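Novice: Sequence:
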Amino acid sequence: MADVLALVDDLFFQAKMMETARRLGVGLKTVSNGAALLAAAALQEHKLVVVDLNARQGALEAVAQLRAAGNAQPIIGFLSHVQTELAEQAHAAGCQEVLPRSKFTADLAEILSRVKT
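Counting in my numbering, the sequence shown runs from 223 upward without gaps.
Keep in mind the hints are simulated off the structure, nothing from the lab. Keep in mind it's a predicted model, so treat the numbers as computed, not measured. Errors might be hidden in some of the hints.
Quick list of the computed label-pair ranges, beta carbon to beta carbon [said to hold, decoys possible]:
| no. | residue 1 | residue 2 | range |
| --- | --- | --- | --- |
| 1 | R244 | P296 | 18 to 26 Å |
| 2 | L233 | S302 | 29 to 37 Å |
| 3 | Q295 | M240 | 34 to 42 Å |
| 4 | G247 | S302 | 26 to 34 Å |
| 5 | R245 | E307 | 31 to 39 Å |
| 6 | A257 | F234 | 19 to 27 Å |
| 7 | P322 | R278 | 15 to 23 Å |
| 8 | E332 | Q295 | 26 to 34 Å |
| 9 | G247 | E310 | 32 to 40 Å |
| 10 | K238 | R278 | 26 to 34 Å |
Calculated pairs, EDC-like style, for lysine to aspartate or glutamate (alpha carbon to alpha carbon, straight line, at most 20 Å) [as the list claims (entries may be wrong)]:
| no. | residue 1 | residue 2 |
| --- | --- | --- |
| 11 | K269 | E319 |
| 12 | K338 | E307 |
| 13 | K325 | E310 |
| 14 | K338 | E310 |
| 15 | K251 | D231 |
| 16 | K338 | D231 |
| 17 | K325 | D231 |
| 18 | K238 | E307 |
| 19 | K238 | E310 |
| 20 | K251 | D225 |
| 21 | K269 | E307 |
| 22 | K238 | D225 |
| 23 | K251 | E267 |
| 24 | K338 | D232 |
| 25 | K325 | E267 |
| 26 | K238 | E267 |
| 27 | K251 | D329 |
| 28 | K269 | E310 |
| 29 | K269 | D225 |
| 30 | K238 | E332 |
| 31 | K251 | E332 |
| 32 | K338 | D225 |
| 33 | K325 | E241 |
| 34 | K251 | E241 |
Every residue gets a Cβ at the ideal spot worked out from N, C-alpha and C, and that includes glycine.
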């Protein structure tokens with residue numbers, strides 16, 4: 223069972239997340255587009271959803287659709303620090319937290335560890 227569901231289409235960042243999750247003993251499922259995120263979320267409830275808001279295919283829309291479907295899992299989005307408008311849109315779509323990619327990367331172990339409590 224995956225504790226965390228992550229939409230990340232950057233293969234290098236996926237590998238970093240997978241290694242961090244493995245080291246922490248946290249189950250992580252990664253998908254590469256919004257449609258796959260919605261499908262995975264429909265199959266299983268996760269303790270945390272992480273979304274790369276710069277993913278090329280439907281990240282922001284998937285967050286909005288998750289919320290519209292009644293999913294209440296915490297959603298953390300991350301993006302480039304200069305994308306303030308996208309950050310506002312992500313909060314409006316349903317992300318509880320929106321972090322700059324640098325902060326998300328620096329805090330990745332702590333963020334993934336949240337699901338262990």
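Novice: All hints, please: hold or fail.
Specialist: Hint by hint, here is what the structure shows:
A beta carbon spacing of about 21 Å between R244 and P296 agrees with the range 18 to 26 Å that was offered as a hint. Between L233 and S302, the C-beta spacing of about 18 Å breaks the proposed range 29 to 37 Å. In this structure the hint that Q295 and M240 lie 34 to 42 Å apart at CB is violated, the actual value being about 20 Å. The beta-carbon spacing between G247 and S302, approximately 30 Å, falls within the hinted interval of 26 to 34 Å.
Evaluation of the 31 to 39 Å hint for R245 and E307 yields a pass: the beta carbon distance comes to about 35 Å. Checking the proposed 19 to 27 Å range against A257 and F234 shows it holds: the Cβ atoms sit about 22 Å from each other. Separation of P322 from R278 is about 19 Å and conforms to the stated range, judged on CB atoms against 15 to 23 Å. Judged by the Cβ atoms, the range 26 to 34 Å given for E332 and Q295 is violated: they are separated by roughly 18 Å.
For G247 and E310, the hinted distance range of 32 to 40 Å is satisfied, since their beta carbons lie about 35 Å from each other. Checked against the hint of 26 to 34 Å, the pair K238 and R278 fails, with Cβ atoms roughly 18 Å apart. Pair hint K269 plus E319 holds up; C-alpha atoms about 15 Å apart against a cutoff of 20 Å. Taken as a hint, the K338 and E307 pair is broken in the structure, with Cα atoms around 32 Å apart against an allowance of 20 Å.
A threshold of 20 Å between alpha carbons decides the hint, and for K325 with E310 the separation of about 17 Å falls inside it, so the pair holds. Of the pairs offered as hints, the one joining K338 and E310 is violated, with about 29 Å between alpha carbons and a cut-off of 20 Å exceeded. Restraint check: the Cα-Cα separation between K251 and D231 comes to about 12 Å, which is no more than 20 Å; the hinted pair holds. Note on K338 and D231: the hinted pairing is violated, with a Cα-Cα distance of about 25 Å set against a maximum of 20 Å.
Note on K325 and D231: the hinted pairing holds, with a Cα-Cα distance of about 19 Å set against a maximum of 20 Å. For the proposed pair K238 and E307, the alpha carbon gap of about 27 Å is over 20 Å, so the pair is violated. Of the supplied pair hints, the one linking K238 and E310 is violated, its CA atoms being roughly 27 Å apart against a limit of 20 Å. For the suggested pair K251 and D225, the alpha carbons sit about 8 Å apart, so the restraint of at most 20 Å is met.
Among the hinted pairs, K269 with E307 is inconsistent with the structure: their alpha-carbon atoms are about 27 Å apart, more than 20 Å. The hinted pair formed by K238 and D225 meets the criterion: a straight-line CA distance of about 17 Å does not exceed 20 Å. Of the pairs offered as hints, the one joining K251 and E267 holds, with about 12 Å between alpha carbons and a cut-off of 20 Å not exceeded. Pair hint K338 plus D232 does not hold up; C-alpha atoms about 25 Å apart against a cutoff of 20 Å.
With a C-alpha separation of about 26 Å, the suggested pairing of K325 with E267 is violated against the 20 Å cut-off. Using a Cα cut-off of 20 Å, the hinted pair K238 and E267 is violated, with the two alpha carbons roughly 23 Å apart. The suggested pairing of K251 with D329 holds, with an alpha-carbon distance near 19 Å, which does not exceed 20 Å. Taking the CA atoms of K269 and E310, the gap is about 23 Å. The hint is violated against a cut of 20 Å.
Taking the CA atoms of K269 and D225, the gap is near 5 Å; set against the 20 Å cutoff, the hint holds. The hinted pair formed by K238 and E332 meets the criterion: a straight-line CA distance of about 14 Å does not exceed 20 Å. Among the hinted pairs, K251 with E332 is consistent with the structure: their alpha-carbon atoms are about 17 Å apart, no more than 20 Å. Between K338 and D225 the CA atoms are separated by roughly 9 Å; this keeps the pair inside 20 Å, and the hint holds.
The hinted pair formed by K325 and E241 meets the criterion: a straight-line CA distance of about 18 Å does not exceed 20 Å. Distance check on the hinted pair: K251 and E241 sit about 12 Å apart at the alpha-carbon level, within 20 Å; holds.
Taken one by one, the earlier hints fail for this structure at numbers 2, 3, 8, 10, 12, 14, 16, 18, 19, 21, 24, 25, 26 and 28, listed in ascending order.
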